[in-house]
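Peer 1: Chain residues, written in single-letter form:
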Amino acid sequence: MSDVPILLEMRSITKEFPGVKALSDVNLVVRAGEIHAICGENGAGKSTLMKVLSGVYPYGTYDGQIIYQGAETRFSDIRSSENAGIVIIHQELALIPDMSIAENIFLGNEPRKRGAIDWKSANRMALDLMARVGLQEDPDTLIKDIGVGKQQLVEIAKAFAKDVKLLILDEPTAALNEADSRHLLDLLRGFRSRGITSIMISHKLNEIEAIADQITILRDGRTVETLDVKADGADEDRIVRGMVGRELSSRFPDHTPKIGEVFFEVRDWNVRHPISAERQVCKNESFVVRRGEIVGFAGLMGAGRTELAMSVFGRSYGVYESGTIIKDGKEIVLKSVADAIAHGLAYVSEDRKAIGLNLLDDIKASTVAAKLSKISHHGVLDEVAEYKAAEAYRKELRTKAPTVDESVSKLSGGNQQKVVLAKWMFTDPDLLILDEPTRGIDVGAKYEIYGIIQRLADQGKGVVVISSELPELIGLCDRIYTVFEGTITGEIARQDADPETLMKQMTSTKKMQTR
Amino acid sequence: MSRLKDLQKNLFGGTTSNARQFGMIFTLVAIIVLFQILTDGLTLRSDNLIALFNQNSYILILAIGMLMVIVAGHIDLSVGSIAAFTGILVAKSMAEWSLPWPVAILFGLAIGAIIGAWQGFWVAYIGVPAFIVTLAGMLLFRGGNQFIGNANTIPVPEGFRVIGSGFLPEAGPDTGYNNLTLLLGLAACVAVVWREFQARKTRREMDADPAPMWVSVLRMAVMVGAIVFASLRFASGRVGTSFPVSGIILVALILIYSFYTRNTAGGRHIYAVGGNSRAAELSGVKLKRVNFFVMMNMAVLAALAGMIFVARSAASGPQDGNGWELDAIAAVFIGGAAVAGGIGTISGSIVGGLVMAVLNNGLQLLGVGTDRVQIIKGLVLLLAVAIDVYNKSQGRFSVIGSITRSFRRDTPTPPTSSSDAEREPARTAVSG
Numbered sequence: 001m002s003d004v005p006i007l008l009e010m011r012s013i014t015k016e017f018p019g020v021k022a023l024s025d026v027n028l029v030v031r032a033g034e035i036h037a038i039c040g041e042n043g044a045g046k047s048t049l050m051k052v053l054s055g056v057y058p059y060g061t062y063d064g065q066i067i068y069q070g071a072e073t074r075f076s077d078i079r080s081s082e083n084a085g086i087v088i089i090h091q092e093l094a095l096i097p098d099m100s101i102a103e104n105i106f107l108g109n110e111p112r113k114r115g116a117i118d119w120k121s122a123n124r125m126a127l128d129l130m131a132r133v134g135l136q137e138d139p140d141t142l143i144k145d146i147g148v149g150k151q152q153l154v155e156i157a158k159a160f161a162k163d164v165k166l167l168i169l170d171e172p173t174a175a176l177n178e179a180d181s182r183h184l185l186d187l188l189r190g191f192r193s194r195g196i197t198s199i200m201i202s203h204k205l206n207e208i209e210a211i212a213d214q215i216t217i218l219r220d221g222r223t224v225e226t227l228d229v230k231a232d233g234a235d236e237d238r239i240v241r242g243m244v245g246r247e248l249s250s251r252f253p254d255h256t257p258k259i260g261e262v263f264f265e266v267r268d269w270n271v272r273h274p275i276s277a278e279r280q281v282c283k284n285e286s287f288v289v290r291r292g293e294i295v296g297f298a299g300l301m302g303a304g305r306t307e308l309a310m311s312v313f314g315r316s317y318g319v320y321e322s323g324t325i326i327k328d329g330k331e332i333v334l335k336s337v338a339d340a341i342a343h344g345l346a347y348v349s350e351d352r353k354a355i356g357l358n359l360l361d362d363i364k365a366s367t368v369a370a371k372l373s374k375i376s377h378h379g380v381l382d383e384v385a386e387y388k389a390a391e392a393y394r395k396e397l398r399t400k401a402p403t404v405d406e407s408v409s410k411l412s413g414g415n416q417q418k419v420v421l422a423k424w425m426f427t428d429p430d431l432l433i434l435d436e437p438t439r440g441i442d443v444g445a446k447y448e449i450y451g452i453i454q455r456l457a458d459q460g461k462g463v464v465v466i467s468s469e470l471p472e473l474i475g476l477c478d479r480i481y482t483v484f485e486g487t488i489t490g491e492i493a494r495q496d497a498d499p500e501t502l503m504k505q506m507t508s509t510k511k512m513q514t515r
Numbered sequence: 001m002s003r004l005k006d007l008q009k010n011l012f013g014g015t016t017s018n019a020r021q022f023g024m025i026f027t028l029v030a031i032i033v034l035f036q037i038l039t040d041g042l043t044l045r046s047d048n049l050i051a052l053f054n055q056n057s058y059i060l061i062l063a064i065g066m067l068m069v070i071v072a073g074h075i076d077l078s079v080g081s082i083a084a085f086t087g088i089l090v091a092k093s094m095a096e097w098s099l100p101w102p103v104a105i106l107f108g109l110a111i112g113a114i115i116g117a118w119q120g121f122w123v124a125y126i127g128v129p130a131f132i133v134t135l136a137g138m139l140l141f142r143g144g145n146q147f148i149g150n151a152n153t154i155p156v157p158e159g160f161r162v163i164g165s166g167f168l169p170e171a172g173p174d175t176g177y178n179n180l181t182l183l184l185g186l187a188a189c190v191a192v193v194w195r196e197f198q199a200r201k202t203r204r205e206m207d208a209d210p211a212p213m214w215v216s217v218l219r220m221a222v223m224v225g226a227i228v229f230a231s232l233r234f235a236s237g238r239v240g241t242s243f244p245v246s247g248i249i250l251v252a253l254i255l256i257y258s259f260y261t262r263n264t265a266g267g268r269h270i271y272a273v274g275g276n277s278r279a280a281e282l283s284g285v286k287l288k289r290v291n292f293f294v295m296m297n298m299a300v301l302a303a304l305a306g307m308i309f310v311a312r313s314a315a316s317g318p319q320d321g322n323g324w325e326l327d328a329i330a331a332v333f334i335g336g337a338a339v340a341g342g343i344g345t346i347s348g349s350i351v352g353g354l355v356m357a358v359l360n361n362g363l364q365l366l367g368v369g370t371d372r373v374q375i376i377k378g379l380v381l382l383l384a385v386a387i388d389v390y391n392k393s394q395g396r397f398s399v400i401g402s403i404t405r406s407f408r409r410d411t412p413t414p415p416t417s418s419s420d421a422e423r424e425p426a427r428t429a430v431s432g
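Sequence lines, in order, name chains A and B. The first sequence runs 1 to 515 under the UniProt record's numbering. The second sequence runs 1 to 432 under the UniProt record's numbering.
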């Protein structure tokens, strides 16, 4: 491979955000005509690297050099990188649902004749482009009327309309079913034979193993290694080792679990996607939680962990299909969030700013928001009781704020998260579901949050932790379920949990029981 | 200096909206003083004050409902038409079906509730944006009014007119004043003092230092002074006039709804929905129920406002309530509510409404034509909101915050005041 000319070289790229070093000294060499995969855990810096490459972060906002087609390039925006033939296709498709295929393909790039759009030649060219990606549809069909797989093809056709030399695909198969994925991978192989270079970011290691020529692995914003699939014989195990090969230090408070009997159980849980009803988001999922136990849910982005948690929490996500919830030996039916709270469930959401907190509120009001009945008599709020409750939690969780009258929007991420935890602890739950409880929180605050979680478990509550950080799950949880594409693929006890095993089960449909 | 800081901390410390409310009260006082001078004392004369209340009570009643609608993140364009529709039906019920007037009032409120349920259904349960639902309602009920009334005017009987143009009756010994009005003023003074001490007690229970005594005394003195002044003015008007009945209805509604929005779980839910509807839903708030309630409540208040207007003008006509929705919405936004929802207070909206009312009245007294009055009102609305938006984007607090900034010697300490002290400016608005 080394005799093939280099198309792109990114040299010691460093990108800093306020307080975080997203990329440090990353190197990437892509040769012409290959399929180059980039692997790494969530937050390893893959997307940031691609944003640097495509000019989303323009020249000057990062350190390092980008050498493309033999010359150093300095992209000022996406348009300039597209003009150079670098096109990125994001995980969330950038198509307009109410426009036709042809309109979408030429959006922002419309063929013109005397100032007006020349639809005749646009449709003709669209048909030509669609043939190249193997899409058989009428170019006048609306995007919303075709499936996700075909939409992905439209995106690629759109890239070809811009005369692409380097195609970047971010999780191209994440939303696709098996058949569509296979078709897409075949298409990429076809491009390779025609000399088009592709960079592919994917969590699906089996696909990478099957299709990639070279694999660059990122971890914590650094390049770990670049593997040649044929020469190095890189298989899934080898990739996983590269991705997670990090020492687990004592980032967790010491804790001896006091685990009791099973008190909460979900059986055969089936949920459909709220909009596209043919997509099943939870497929026959079953799990149990014991008193005093911290149960982890591992899985990649889009595996359906949040969806599972929210659908259990009073059907606040998707369309419930079937499944039962059993608490303390009795079946319970939770049709609304209010029901769920009344039955002692609490859900701390993944995105605290968007759906976890009302940022207009102060700490007091946020703390009591999920159970106003506790501080009111006949619907009339008791301000003193509200203040005292909020103040007690502020002290207990050591939330850094001058008073509980402080607006939550002024708090740091870690302290906001403590307010959210206080809000749900205030509801006296038996089962707490914590979705990415430490996302965007600095290390010190993480340690404190872990301590709070352990204390809650010690009080005999069941705690479910959803996290994309494997070390966090391994360090914190007594038992871990792995989820892949809406299916629980494994259940691993603490002593057996290591990143390789988890990663393997998180990325494959094979159902394993290692207990 | 420290006294000034105390005052500042306890009077306008706290959140942006409270500070803005204080700014509005400041503006209101400034406008009143300005017109008092420009009109040679006409503005604060008894008959003008009474007229001011009579002419604006129905707009202020609408502003109460509109505040809740806007806080929940919606808007209601149909209130004027609902008022007119209710007005004509109630007038007709008394004229043609000879319903006794108290029954007719209940009938009118029921109509408001039915219309509100209709609009609330579309907004809350079907998910049609309130803008559309109430735009439709605006056409629907305006047309309904003219259809039912044949675009004619229907007079209403004497008894019914009390709610629009009635006054507190004369009672007791001849003091040269209206005794009941004085009594009402006295009750308000007692209430103000009682609340102040209640607030101090609450603060102590929250382990916080209450405001310095002299601040409390000053605050009470200002409010009691305002109430005494207003009572004497209202009580000393032309014989047969005093504090208007519509004003009593308004004050009662302000007190009830202020309490509801501030001190009850239901009120808190409205703010939660407007602040972040998804977060509210995930905290167990019944979103649909809240949305339904605010729309329905608005329609009931619109019906009440319509009846008061009909009572005042002694007849229901096809042009009743034209443009009311805009006055009510303007009052709410001038009073500090956020367009995106989640922020705003009843008292703020009332002050906002009063600013518009005094402006309107003062300009009319000066003989400015309605054309120019409208231009000025439009500019005031734009300016009031623009100043606030600008200040927020500058990371500043409010107009008042920036005025008083120059007095600060040391770095501002985080406000240690409790919510009760922060809400003090709001209370001034209620009583004044």
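None of these hints come from the bench; they were simulated from the model. A portion of the hints provided could be inaccurate.
Within a straight-line C-alpha distance of at most 30 Å, the following computed BS3-like cross-link-like pairs (lysine-lysine) qualify [stated by the list, open to error]:
hint : chain 1 : residue 1 : chain 2 : residue 2
1    : A       : Lys374    : A       : Lys410
2    : B       : Lys92     : A       : Lys374
3    : A       : Lys120    : A       : Lys144
4    : A       : Lys353    : B       : Lys201
5    : B       : Lys286    : A       : Lys330
6    : A       : Lys144    : A       : Lys162
7    : A       : Lys395    : B       : Lys288
8    : A       : Lys374    : B       : Lys286
9    : B       : Lys286    : A       : Lys283
10   : A       : Lys327    : B       : Lys201
11   : A       : Lys51     : A       : Lys353
12   : A       : Lys330    : A       : Lys21
13   : A       : Lys144    : B       : Lys288
14   : A       : Lys504    : A       : Lys51
15   : A       : Lys410    : B       : Lys377
16   : B       : Lys286    : A       : Lys335
17   : B       : Lys288    : A       : Lys400
18   : B       : Lys288    : A       : Lys353
19   : A       : Lys410    : B       : Lys92
20   : A       : Lys335    : A       : Lys395
21   : A       : Lys51     : A       : Lys230
22   : B       : Lys286    : A       : Lys327
23   : A       : Lys388    : B       : Lys286
24   : B       : Lys288    : A       : Lys374
Peer 1: Indicate, hint by hint, whether the structure satisfies it.
Peer 2: Here is how each hint holds up against the structure:
1. A:Lys374 x A:Lys410: holds, 26 Å
2. B:Lys92 x A:Lys374: The hint is violated at about 49 Å.
3. A:Lys120 x A:Lys144: holds, 22 Å
4. A:Lys353 x B:Lys201: violated, 35 Å
5. B:Lys286 x A:Lys330: Judged against 30 Å, a Cα distance of about 26 Å means the pair holds.
6. A:Lys144 x A:Lys162: Distance of about 23 Å is within 30 Å: holds.
7. A:Lys395 x B:Lys288: Roughly 36 Å separates the two Cα atoms, so the pair is violated.
8. A:Lys374 x B:Lys286: holds, 17 Å
9. B:Lys286 x A:Lys283: Distance ~29 Å between Lys286 (chain B) and Lys283 (chain A) Cα, so the pair holds.
10. A:Lys327 x B:Lys201: violated, 44 Å
11. A:Lys51 x A:Lys353: holds, 24 Å
12. A:Lys330 x A:Lys21: This hinted pair is violated, its Cα atoms lying about 49 Å apart.
13. A:Lys144 x B:Lys288: holds, 29 Å
14. A:Lys504 x A:Lys51: holds, 28 Å
15. A:Lys410 x B:Lys377: violated, 35 Å
16. B:Lys286 x A:Lys335: holds, 12 Å
17. B:Lys288 x A:Lys400: violated, 35 Å
18. B:Lys288 x A:Lys353: holds, 22 Å
19. A:Lys410 x B:Lys92: It is violated: about 56 Å lies between the C-alpha atoms, which goes past 30 Å.
20. A:Lys335 x A:Lys395: Answer violated: Lys335 (chain A) to Lys395 (chain A) is near 35 Å, above 30 Å.
21. A:Lys51 x A:Lys230: holds, 29 Å
22. B:Lys286 x A:Lys327: holds, 24 Å
23. A:Lys388 x B:Lys286: holds, 26 Å
24. B:Lys288 x A:Lys374: Given pair Lys288 (chain B), Lys374 (chain A) holds - Cα atoms ~23 Å apart, limit 30 Å.
Hints 2, 4, 7, 10, 12, 15, 17, 19 and 20 from the list above are not met by this structure, while the remaining hints are.
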